[in-house]
Each structure stands twice: as structure tokens, then as C-alpha cells.
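Colleague: As a plain string of letters, each chain reads:
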Amino acid sequence: MDCDQVRWLLSYEPRGTIVPQGRAVRRHLEACPSCRAFWQALQAVDRALAARPLAEPGAPLTPSVTARAGRLPRQEVAPPFSRAFWLFSAALTLCALVGGAWLLRCWAGSTVLGVAGLPADPWLQPAWAASASEWLSLQSGQVAQVILPAMAGALVSLLGAAVGFRAAQR
Amino acid sequence: MQEPSAQLLARCCRGDTQAFAELVAQQQAYVYNLAYRLLGEAEEARDLAQDALLRAWQMLPSFRGEARFTTWLYRLVVNQGLNRLGRLRRRPLQVAIDTQPLPDVSQLARDPQEIHDARERQERIWRHVDSLPEKYRVVIALYYQEERSYEEIAQILGLPLNTVKTHLARARQMLASRLVDIEGGADGL
Numbered sequence: 002m003d004c005d006q007v008r009w010l011l012s013y014e015p016r017g018t019i020v021p022q023g024r025a026v027r028r029h030l031e032a033c034p035s036c037r038a039f040w041q042a043l044q045a046v047d048r049a050l051a052a053r054p055l056a057e058p059g060a061p062l063t064p065s066v067t068a069r070a071g072r073l074p075r076q077e078v079a080p081p082f083s084r085a086f087w088l089f090s091a092a093l094t095l096c097a098l099v100g101g102a103w104l105l106r107c108w109a110g111s112t113v114l115g116v117a118g119l120p121a122d123p124w125l126q127p128a129w130a131a132s133a134s135e136w137l138s139l140q141s142g143q144v145a146q147v148i149l150p151a152m153a154g155a156l157v158s159l160l161g162a163a164v165g166f167r168a169a170q171r
Numbered sequence: 309m310q311e312p313s314a315q316l317l318a319r320c321c322r323g324d325t326q327a328f329a330e331l332v333a334q335q336q337a338y339v340y341n342l343a344y345r346l347l348g349e350a351e352e353a354r355d356l357a358q359d360a361l362l363r364a365w366q367m368l369p370s371f372r373g374e375a376r377f378t379t380w381l382y383r384l385v386v387n388q389g390l391n392r393l394g395r396l397r398r399r400p401l402q403v404a405i406d407t408q409p410l411p412d413v414s415q416l417a418r419d420p421q422e423i424h425d426a427r428e429r430q431e432r433i434w435r436h437v438d439s440l441p442e443k444y445r446v447v448i449a450l451y452y453q454e455e456r457s458y459e460e461i462a463q464i465l466g467l468p469l470n471t472v473k474t475h476l477a478r479a480r481q482m483l484a485s486r487l488v489d490i491e492g493g494a495d496g497l
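Chains as they are written, first to last, in this note's numbering: chain A, 2 to 171; chain B, 309 to 497.
Next up, chain B with everything else stripped away, as it sits in the complex (with noise of 0.2 Å):
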């Protein structure tokens, strides 16, 4: 995650479009991250996406810094992505983010074969997230991928703090769980 420069966000405010333009080149990998792991959808996540920026683009002026920017933006995808998901209906979720190249498990097993369980554990356990009501995902997201702390994720979500860590909690408990019952007893991990 990148904190765009006050210089760039100063442009912005001016109105400057190639500054703008900019900012959604920095952001847009995190704010569609954010909106897919919301909606569970590629198509609906990217339109998020791009709402939510231009939001952001709109609502500039007003930002005074009193939080982080990224936090800001993020809380614009939340509010945003809240008010679609009551008119989405729950689909089977895409698998389209299971295609993208794996990162590197050859450091963590010997042998290919260990490889290949290793990444499959991996896939396994995404899928399971992806299976999660939307509450959890995007905890997970924000403190999994963006590394937020949890005052931050409290923040952008609008939740109290003790309801962040129990909602992460939470899922924890049951994506453990699943994989305990799926590949057994303590000689199974």
C-alpha cells in the first residue's frame, strides 16, 4: 500500500486531472482488492472500484487529513461497497482470482511433492475465505494484505475496536477449524 505525497494530493485538490490520474494508477490495485474481497465479484467489484474513486476525486476538497489518506478512500469503497451488497444477490463466488500466478512456496517444502500439498493447502484456504460473509473477508483483506493495525481496520470499517478483533478472531477460528477436519489430526499439518 502506498500514502500518496501531500504534493500529489495538493494537486488533486486543484483540480488537476493528471494528478488524478496518477493517484488511481498508485491506488487502483488496492481499492479493487478491497471492493472484490467486499462483493465477491469481478465485475461488480471493479464498477466499486471505479465509483469509489471518483468519489474520492469529487469529495477531495473536503479531506483535511485528519486520517491517513488510504484509510479515507477505503472507508469511501466500504460505504459504497455496504449499499451494493444489499442489492446484490449471494452468488457462488468467481474463481478468477485463483488463476492469478502463486507466490513462491519452494522455500517452505523439499520435495514437489510437499510443494504441490503446500500450494494446494494455500488455495484451499483461500477458497475458504472467499466461502466467509463479507464481515470477515474484508477484515481479513485489510489486515492480511494491507497490513492495517486494528485501530486503522476499526476505522474504515465504522466498527468498534473489540468488534474488529473478534470479527477476525472469528474467522481465524473457523478457517483453522475447516482445515483441521479437511486434512485431519496434528500429523495432517
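Here chain A stands alone, though its shape is the one from the complex (with noise of 0.2 Å):
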């Protein structure tokens, strides 16, 4: 290890160091006066720049500088989600409700089943089977009808957060 590159690890070291790093940085600061004097030297210069004070204004900032900020126009953050935006959703939302459920009720009418081709009339089946299955298909319409558009708006509403937030990040 020549005197250059023990000189630069020597520059590496943190300051207040006493003893450097490295068995072969030491071995070589043991056999090297030159070096030595430069580690005392670098050693001298943590001292010094750490005992340095700090630069004084001269005359305090405080007054003119808040005399003038009084004066200055502030950066405004906007809230991620605009007026417009929220009025947006709810209408978007609300459309998506009545939509749905009227598609769901003209889905379950027997005037759409006619058209697609099933018999309207459940005659072929039991009575017994033929009123569970009015029945059950009552009630899961039903839910459908609230579900079904309720996700529709929920997804429509994320969708324009996420729309909303990006844009008020950037």
C-alpha cells in the first residue's frame, strides 16, 4: 500500500477518529513519518472545522424578513377532491342505481323472457318447484337490484378518487 492510498482512506475516515480503520493503514502510518504527519494534520483539520463558529448576519433577518412575508402570496394546497368532483360521483352514483335496478326489472319481467325464447309459463315443472323458483328468483332479484347497481356506483366512485387524488398529488 503506497502513501496515495493510505492518504486517501486516511481522508475517509469519520471525524474524530484517533485510530484509523484498517490493519495495513496502520501498519504503514507505523513505518511512514510523512504520512503520520498528514493524519496528525488531518486530525487537525477535524478539530479546526469542527471549533469553527458560525457566520453571523450582523443584523438580525427576523424584521425584514416578516415585514415582507406579510406582503407575499402563499402556496395554497387544494384538497384532493374538488366540489365538482363529489357532485360528479353522487349523480354518477345515483345513475348508476336507477339504471341498474331498471335493467334488473325489465330482466326479470316475463316480457324478456319471452323474447329470449323460454317458455313464460312454468307448466312442464312441478307447482311445488315452479314456486320455490318464482320465489327465489323474487327475492335474489331483489337483492340483485340493490347489490348489483350499489357495486357499480362503489366501483365508479373508487375509479374517480383515485382519478382525483393523483391529480391533486401532481
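The reader is advised that the hints may include incorrect statements.
What the simulated footprint calls covered on chain B by chain A, stretch by stretch (three residues with Cβ under 8 Å from a Cβ of chain A suffice, anywhere in the stretch; the number is not a length) [stated by the list, open to error]:
{"#": "1", "segment": "323–333"}
{"#": "2", "segment": "432–440"}
{"#": "3", "segment": "446–460"}
What the hints contain is simulated information worked out from the structure, not anything from laboratory work. Virtual Cβ for every residue (Gly too), placed ideally from N, Cα, C.
Now that you have both chains on their own, put them together as the hints suggest.
Modeller: Laid out in C-alpha cells, this is it:
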């Protein structure tokens, strides 16, 4: 290890180091008075720089800065969701709910079954099965009229929120 | 270096000018010191410090707390200072800083001659620092006077971590080499 390498490694030692890391460096310092002088100089530099007082501005800055601050416009951070966004989301959700309910009602009606070619009169099925099926269809239809539009509205609201949040971040 | 309290920052964000005056009083010495180490001139440093503090006032509502407030503030100082450096011509540094009272070195030496020599060495080192390029002066100020970590210095200056370490190592090597050249060999120190 030559003197240039040792000096470069010594320059990387953290401030306040008394004994350098690295056995090879320490061995070199024991044998080389020039690098020993360099190491002592480095420690003197550390001490001097740590002891250096802060530069002072002379007169305090506070009066002039605060006087000017009162006249300056400030950066306003816009809320992530604007009023227009909320109104739009509410209208879209409402439309999804109403539209979904209407579509499901039409689908559950006999006219749709007739158009699809399915038998409107379940006379081929047993009576109890037909009643049960009708009852289940009615229940599931009513539940679906609420859940499906709500899911669609929630999805639209989440997408809109994500877009609005991203825009606000920018 | 004093990190302002969350309450003080919240008041400043709400537009409380009295809170801002407290903040400025707390931070002005450190801001000015960094500005001076960067620009090397007292008047320019004063202007830079004022502009940086006013800019901080304007942008404080957007401070989200991802880093320490002082790190964010010093970043403003450095960015504005680098813009100014491009317009300034390189001039000899003023020596006003050297007229400030020196720290007590008497505990380091036993007789008046040693005290005098120690003080001279300190002043010599400080003058050498002032003659270094600004990228080294700023890193030295942040590392020694502000006692910032390498990572914080890298964040403030917007530099890679290894670049900060290299700048510091080079600056220290230059200073130590100059000191050895001036004062002689091992016995001179």
C-alpha cells in the first residue's frame, strides 16, 4: 500500500477518529513519518472545522423577513377532492343505481323471458318447484336490484377518487 | 441546529406571521451560515438567506414532513444559492468571519506561545476552507458545523451518497496536505 492510497483512505475516516481502521493503514503509519504527519494534520483539520463558529449575519434577519412575508402570496394546497368531483360522483352513483334497478326489473319480467325464447309458463315443472323457483327469483332479483347497482356505483366512485387524488398530488 | 416543533410549523402553515417570526429567529443563524459558506460574501449571503426564508414561508403549506424541516429548508437555500452562483463572479472572500471571537483553545495548550500557535493554525485552516470550491465548502459546513450525516447532506444537496463522501474526503485531503506543506513534517504539527 503506497502513501497516496493510505492518505486517500485516511481522508475517508469519520471525524474524530483517533485510530484509523484497517490494519494495513496502521502498519503503514507506523513506518512512514510523512503519512503520520498527514494523519496528524487531518486530525487538526477536524478539530479546527468542528470548532469554527457559525457565520453571523450582523443585524438580525427577522424584522425584514417578517415584514416582507406579510405581503407575499402563499402556495395553497388544493384539497384532493373538489366539490365538482363529489357532485359528479354522486350523480353517477345515482344513475348507476336507478339504471341498474330498471335493467334488472326488465330482465326479471316475463317479456324478457318471452323474447329470449324461454317458456313464460312453468307448466312443465312441478308446482312446488315452480313456486320455489319463482320465490327465489323474486328474492334474488330484489337483492340484485340493490347490490349490483351499489357495486357499480362504488367502483365508479373509487375510480373517480383515484383520478382526483392523483391529480391533486401532481 | 434546532428542529422547530410541530406546533410551530402548523401555526406557520396556517399563516401565523408571529409564529413565522419565531421560526426565522430560530433558523436564521444556520441559514445564513450555509448561505455564506456557499456564496462566500456577506451581503450576498444575507440576501440569499432572506430570499430562502421567504420562499420557505410561501411553500410551507406544501411541506409534507417526509424529511426533517431543516433538511427541506437547507435544500431551498442550496438550490437558490446555486442559481445565484452562476451570476456572481469569483471574488476574493471577505475576512469578516475571521474577526469573530475565537473559541477557547487554552485547554489544548499549556503556554501562551502554544495557544497562539493553535489559534493561528485554526485561522489558517479556516482561510484554506474559504478558498476551496463551493461544493467542498458547503459539504464541510454541513458536516462539521451542522453535524449532518452523509445521507442528510446528500438529501440537502441532491447528490448521490458516494459523491458526498468523495467531496468530503477530497476537501479534507487538500486541507491536510496544505497544512503539512506549510507547517513542515511530523515535528511541525
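Colleague: Now, for every hint given, state plainly whether the structure supports it.
Modeller: Hint by hint, here is what the structure shows:
1. Beta-carbon proximity to chain A at under 8 Å applies to 6 residues in the segment 323–333 of chain B; the threshold of 3 is reached and the given coverage holds.
2. Figure legend: the segment 432–440 of chain B, annotated as covered by chain A; annotation consistent (3 residues with Cβ-Cβ distances under 8 Å, at least 3 required).
3. Using a Cβ-Cβ cut-off of 8 Å, 4 residues of the segment 446–460 of chain B lie near chain A, which meets the minimum of three, so the contact claim holds.
Of the numbered hints given earlier, the model fails none.
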